[in-house]
Amino acid sequence: MTDQPEARSKSWGRWFGRPGRSLTRRLIWLASAWIVLALMLTGWVLTSQYQESALRRLGDELRGTLDEVVIATIVTPDGLEVAEIKDARMLRGLSGKYWMVAEPLADGTVKVLARSPSLSGETLAIPVDLPSRLQTDPGGIITYSDPGILRPPLRQPLRIGASLKFMPDREAPLIFVAGIDRSMIEADARQFATYTWIALLILGLGLVIAVFLQVQIGLRPLFSLRNEIADVRKGKAARIVHSYPMEIQPLAEQVNRLLDHNQETVERQRTHVGNLAHALKTPLSVMLAEAGTQTGILPDMVRKQTEVMKAQVDHHLRRARAAARAQLLGERTPIAEVLDEMAVMLERVFEEKSVEIDWRAPDELGFRGERQDLQEILGNLMENACKWAKRRVRISAGPTGLGQMVVVVEDDGPGLPADQRDAALERGARLDETTPGSGLGLSIVVELTRAYGGSITLADSDLGGLKVLLELPAAEA
Amino acid sequence: MRVLLVEDDVDLSRQLKLALGDAGYAVDHAADGEEAHFLGDTEPYDVVVLDLGLPKIDGVSVLERWRRDGKTTPVLILTARGAWSDKVSGFDAGADDYLTKPFHTEELLARLRALLRRSAGIASATLSCGGLRLDPRAARATVNGEPLRLTSLEYRLLHYVMMHQGRVISRTELVEHLYDQDFDRDSNTIEVFVGRLRKKIGADRIETVRGLGYRLTPLSGETEAA
Numbered sequence: 140m141t142d143q144p145e146a147r148s149k150s151w152g153r154w155f156g157r158p159g160r161s162l163t164r165r166l167i168w169l170a171s172a173w174i175v176l177a178l179m180l181t182g183w184v185l186t187s188q189y190q191e192s193a194l195r196r197l198g199d200e201l202r203g204t205l206d207e208v209v210i211a212t213i214v215t216p217d218g219l220e221v222a223e224i225k226d227a228r229m230l231r232g233l234s235g236k237y238w239m240v241a242e243p244l245a246d247g248t249v250k251v252l253a254r255s256p257s258l259s260g261e262t263l264a265i266p267v268d269l270p271s272r273l274q275t276d277p278g279g280i281i282t283y284s285d286p287g288i289l290r291p292p293l294r295q296p297l298r299i300g301a302s303l304k305f306m307p308d309r310e311a312p313l314i315f316v317a318g319i320d321r322s323m324i325e326a327d328a329r330q331f332a333t334y335t336w337i338a339l340l341i342l343g344l345g346l347v348i349a350v351f352l353q354v355q356i357g358l359r360p361l362f363s364l365r366n367e368i369a370d371v372r373k374g375k376a377a378r379i380v381h382s383y384p385m386e387i388q389p390l391a392e393q394v395n396r397l398l399d400h401n402q403e404t405v406e407r408q409r410t411h412v413g414n415l416a417h418a419l420k421t422p423l424s425v426m427l428a429e430a431g432t433q434t435g436i437l438p439d440m441v442r443k444q445t446e447v448m449k450a451q452v453d454h455h456l457r458r459a460r461a462a463a464r465a466q467l468l469g470e471r472t473p474i475a476e477v478l479d480e481m482a483v484m485l486e487r488v489f490e491e492k493s494v495e496i497d498w499r500a501p502d503e504l505g506f507r508g509e510r511q512d513l514q515e516i517l518g519n520l521m522e523n524a525c526k527w528a529k530r531r532v533r534i535s536a537g538p539t540g541l542g543q544m545v546v547v548v549e550d551d552g553p554g555l556p557a558d559q560r561d562a563a564l565e566r567g568a569r570l571d572e573t574t575p576g577s578g579l580g581l582s583i584v585v586e587l588t589r590a591y592g593g594s595i596t597l598a599d600s601d602l603g604g605l606k607v608l609l610e611l612p613a614a615e616a
Numbered sequence: 099m100r101v102l103l104v105e106d107d108v109d110l111s112r113q114l115k116l117a118l119g120d121a122g123y124a125v126d127h128a129a130d131g132e133e134a135h136f137l138g139d140t141e142p143y144d145v146v147v148l149d150l151g152l153p154k155i156d157g158v159s160v161l162e163r164w165r166r167d168g169k170t171t172p173v174l175i176l177t178a179r180g181a182w183s184d185k186v187s188g189f190d191a192g193a194d195d196y197l198t199k200p201f202h203t204e205e206l207l208a209r210l211r212a213l214l215r216r217s218a219g220i221a222s223a224t225l226s227c228g229g230l231r232l233d234p235r236a237a238r239a240t241v242n243g244e245p246l247r248l249t250s251l252e253y254r255l256l257h258y259v260m261m262h263q264g265r266v267i268s269r270t271e272l273v274e275h276l277y278d279q280d281f282d283r284d285s286n287t288i289e290v291f292v293g294r295l296r297k298k299i300g301a302d303r304i305e306t307v308r309g310l311g312y313r314l315t316p317l318s319g320e321t322e323a324a
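These protein sequences, in sequence, are chains D and Z. Just remember that this note's numbering sits 139 ahead of the position in the first sequence, which is counted from 1. Just remember that this note's numbering sits 98 ahead of the position in the second sequence, which is counted from 1.
Rather than coming from a laboratory, the hints here were simulated on the basis of the structure.
Using C-beta positions, here's what the derived DEER-type ranges look like: (1) D:Q388 with Z:G264: 57 to 63 Å; (2) Z:N242 with D:M440: 52 to 58 Å; (3) D:P556 with Z:H262: 42 to 48 Å; (4) Z:D302 with D:L162: 54 to 60 Å; (5) Z:F136 with D:H455: 34 to 40 Å; (6) D:R378 with Z:G264: 46 to 52 Å; (7) D:L390 with Z:G168: 55 to 61 Å; (8) Z:P245 with D:K373: 35 to 41 Å.
To give a feel for the contact side, a few chain D residues facing chain Z, derived at Cβ under 7 Å: (9) L423; (10) S424; (11) V425; (12) E480; (13) M484; (14) E490; (15) E491; (16) Q511; (17) Q514.
We put the beta carbon where it would ideally sit given N, CA and C, even for glycine.
Given only the sequences and the hints, what does the whole structure look like? Please build it.
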């Protein structure tokens with residue numbers, strides 16, 4: 140129960156956790172951060188530009204309106220008169236387009252002289268400091284936003300433009316003011332901003348997904364290299380064989396070189412130990428033969444000690460091989476080939492007894508390990524079986540799934556009582572109690588099988604003799 | 099009985115010469131591969147004891163040369179290299195038995211006796227079919243001069259079809275002639291063995307006659323060897 144959320148958060152964290160050690164995460168985070176930053180900047184520029192250009196268009200319209208009003212204004216001796224402007228929006232009440240003509244007073248306020256019919260008696264707001272600012276630049280236009288006309292339920296925010304002009308035949312300047320409803324334009328800008336941000340959000344998500352896929356696809360060779368290395372470790376392959384993009388091909392080559400080096404080291408070590416051990420064997424033969432021709436305490440002792448030395452040499456030879464084996468990777472040995480060569484050879488060796496070896500194994504079944512080791516294991520077991528068999532030895536091998544296989548070696552000899560089987564295996568595993576020429580000679584088989592993580596069991600065969608069941612690692616074809 | 103002892107270690111050769119002499123053999127000794135090859139090629143020995151680690155020419159090569167020259171003298175190899183891979187390569191070269199050093203002299207003598215008994219089997223004519231030859235005396239078969247490595251069942255199968263070459267042999271007939279009374283008489287396994295034999299002698303030599311059985315014929319273009 141408690142595991143599940145944790146597991147989920149782990150896989151979540153795999154992609155979105157702290158961008159520490161994962162290359163994928165680092166690439167995705169960097170790209171995502173950059174994408175978000177760039178898109179936010181884009182959004183800001185787009186919306187502010189849109190708003191600005193909308194205001195500029197309003198400003199142009201205000202300028203046009205002001206011009207019309209100025210042209211329509213006629214100064215009369217008793218004040219002024221504004222000719223009717225033929226624009227429905229300036230005539231209809233609260234239509235959203237207004238003008239006003241005012242006169243600045245000495246106290247800084249203004250006096251409205253004329254206004255558009257559309258104002259319906261309202262006034263366009265003029266900030267207190269506006270007249271003085273206008274006076275510094277006669278003819279110029281100052282535009283500003285204003286909450287505008289608030290006559291519930293009507294709420295009309297305005298954009299207002301004001302200009303101060305000196306008219307002919309009039310000494311005091313006039314302030315011309317025009318106002319346009321800006322709510323439409325603001326709504327437009329808001330809509331534009333909304334659409335822009337939605338579009339950018341979609342774009343951003345799309346880009347992040349694209350980056351994610353790109354990283355996944357881009358890093359795929361790395362994942363397949365990892366799988367290939369795993370195959371080498373599992374013994375399915377001996378080397379990295381596929382070619383990779385130029386960025387990681389050198390890595391694959393280095394792995395291969397490392398494998399070669401490993402193999403060489405192991406071979407060298409094995410050769411050294413082998414040479415030493417084999418060099419000792421002929422002198423041992425001499426001592427054994429010489430002691431065999433005489434009787435007495437000394438020859439007896441020499442014989443006994445020679446046997447011990449022989450056992451030691453064999454033991455350490457095997458130990459060296461076992462140690463070397465643990466480092467070896469990627470070997471695969473077809474079991475049918477080894478069974479065939481052993482059967483051919485042992486039938487010839489045991490020709491006098493006319494032992495018949497009947498073996499069955501699928502052609503495609505492979506042992507995950509070295510040929511020499513499989514030869515040692517099967518050779519010893521089959522030789523034993525031939526030694527004890529009356530006529531028949533039967534061997535069958537087959538996969539058991541899960542990367543394992545089972546090999547059964549049976550004979551029709553006397554067999555081994557159940558209470559002695561454990562002892563036989565134990566004796567096989569330990570050196571000191573092993574005497575040459577006696578027992579089952581299982582020691583090397585037991586040692587090798589264990590070194591490969593396999594198992595060995597003894598049982599009764601329906602042929603009448605002993606049945607040896609071996610479980611060994613299988614290599615997929 | 100004449101025996102050729104090939105061993106380069108002085109002490110071991112001396113001991114073995116003595117032991118073999120005591121056992122009633124006439125012993126010739128060679129201390130290197132060249133001498134061994136020469137003696138083995140020129141003198142009619144009954145059995146050879148051959149050490150594999152030799153100066154000049156190694157034991158396996160000597161053995162291969164003898165076999166190439168047609169010598170069928172039984173050979174027991176002595177080797178310090180007790181690994182099965184070494185034994186297998188010895189047998190591939192044509193050895194008949196092996197003994198791993200260090201060994202007991204009695205063991206060697208017993209093995210030699212067995213080898214001599216074996217080689218004194220009843221002689222019979224060599225069978226041939228195209229490039230295939232089978233020597234029932236030595237229980238050896240060759241294809242185009244190359245020795246075949248056969249298990250006893252494969253050998254018996256080949257022997258039977260060679261004795262009845264040209265004729266269609268049914269599976270039941272093969273089962274009856276190949277297996278002892280107490281073997282599993284499963285005719286399906288014949289297919290397995292025919293398959294293995296085909297792999298070793300060439301797939302086209304044993305023809306499957308649908309519904310009837312198998313037939314051994316020389317390959318087209320092969321002339322019957324004399």
